[in-house]
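Novice: Residues per chain, in single letters:
There are 2 protein chains.
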Amino acid sequence: MTTSPDSPQKTAAMLIIGDEILSGRTKDANLGYLAEWLVELGIELREARVIADDVEVIAETVNVLRQAYDYLFTTGGIGPTHDDMTIEAVARAFGVPLVLHEGARHNMVEVHGLELNEGRLRMITLPQGCELVETKNAIAPGFQMGNVFVMAGIPKVMQAMLEGIRPRLETSRPYTSITLTAHLPESTLSVPLRELQERNPDVRIGSYPFYTDGIPGADLVIRSRDPARARSVAEDVRLMIAALME
Amino acid sequence: MTTSPDSPQKTAAMLIIGDEILSGRTKDANLGYLAEWLVELGIELREARVIADDVEVIAETVNVLRQAYDYLFTTGGIGPTHDDMTIEAVARAFGVPLVLHEGARHNMVEVHGLELNEGRLRMITLPQGCELVETKNAIAPGFQMGNVFVMAGIPKVMQAMLEGIRPRLETSRPYTSITLTAHLPESTLSVPLRELQERNPDVRIGSYPFYTDGIPGADLVIRSRDPARARSVAEDVRLMIAALME
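Residue numbers (our numbering), protein chains in the order written: chain A, 11 to 256; chain B, 11 to 256.
Just so you know, not all the hints are guaranteed correct.
Chain copies aren't distinguished; within one or between two, either way the pair holds.
[To be verified] Distance condition first, Cα-Cα at most 25 Å in a straight line; then the derived PhoX-like pairs of lysine-lysine:
{"hint": "1", "residue 1": "Lys166", "residue 2": "Lys37"}
{"hint": "2", "residue 1": "Lys37", "residue 2": "Lys20"}
{"hint": "3", "residue 1": "Lys166", "residue 2": "Lys146"}
Keep in mind the hints are simulated off the structure, nothing from the lab.
Let's have the full structure, built from the sequences with the hints guiding it.
Specialist: Rendered as structure tokens:
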């Protein structure tokens, strides 16, 4: 893992693959996990997409996203059944054939002691030139192809795969994020908050409204890669809230 | 609401707008809800995207998705603060100006008894030609512009807005979905399951693996708009599981 504190942040996209997410049958839990994990590494998640089990659509979307961002993380569709299409789609996206991966075969047969039936053969037949992701206890192999990291959809397996991916990523200093809660409606906060944002264009100020027992409030989040700047603007926000509460 | 049982399903996309989702600060709960809601109406959710608070990116993505699908549902970014950019972005996407919406003003001032400060004025200054979504208790108005439905990001408010949108959608007969659980690894299921899928191309068979105490299994989901076909293929799947368990 290369950490370059002051280099520009690397950008990333996430691609969540599976009919079951789009039908609501399965509630995705991977986006929130990956988002927080990338924040800690100082990598900026710019976009996420959820798409169906369709080889053409997956291949096209992989190509759009891997060209638009430094890293692409995919989840889902690497199992042995007919509705698992991610491996074939990634091979198509890169224009390479699918070949039996010797490392994945070794892992499945020698390490896990499994017999090679047709379903398992399908799981270890991977895009030519890909590199396995080291994962404890995972049978379906995750892999890297260029800047694309292909992972399982089951949250625990995905999380284990991310630990195998971590050393391959170029990280940078994460954002410092300070949250202040204002017990005021956003409509009252909006003008002074906008002025603060305009005076401090290097710091990002977000406002996230909520209701407590029907009473409106907002969490104000101040973010900067420079901790001193985040603290300084957070102090201005604190004074603004105090003045509005008087 | 027009229900046409045998007409082709309408297609939809969802656009989730907000830095807070991409940073992991807020875990999205709206995709799962909308997905299930659309299934019941017989509308097919084909794609969802999560993007940041950036007017250009929002406007471009709205234009891509509203042209690709029958309906587009957006969540987030309709409040009064500087980081709420969805309203401006939708106006830009449609090439129309932002104008004070008389119905939204009436609702805010006469119905909710609120004074019009600058923040609230911003919330009721909407793309010219849009139509409000009737929503109980919501102050930030949701609205429809062409085939785009613009909703709040707070789950309870979004859910209330969907009820206002429901009568405007063309629905169709929903899919019948039957789930059978197999206590077998997917690698064992994959060959006979693929054969069943190939023999029944009009029915969609999905396989969703899980682990119980480390033992692999899979939920097999059989979906069709024809309930008799779903039942018939589900029976074949049941027999297949029984044969494999022997």
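Novice: Now tell me if each hint is right for this structure.
Specialist: Results of checking the hints against the structure:
1. Lys166 x Lys37: Both. Shortest intra-copy (14 Å) and inter-copy (17 Å) distances satisfy the 25 Å Cα cut-off.
2. Lys37 x Lys20: between (28 Å within a copy, 22 Å between copies)
3. Lys166 x Lys146: within (11 Å within a copy, 40 Å between copies)
The structure agrees with every numbered hint stated previously.
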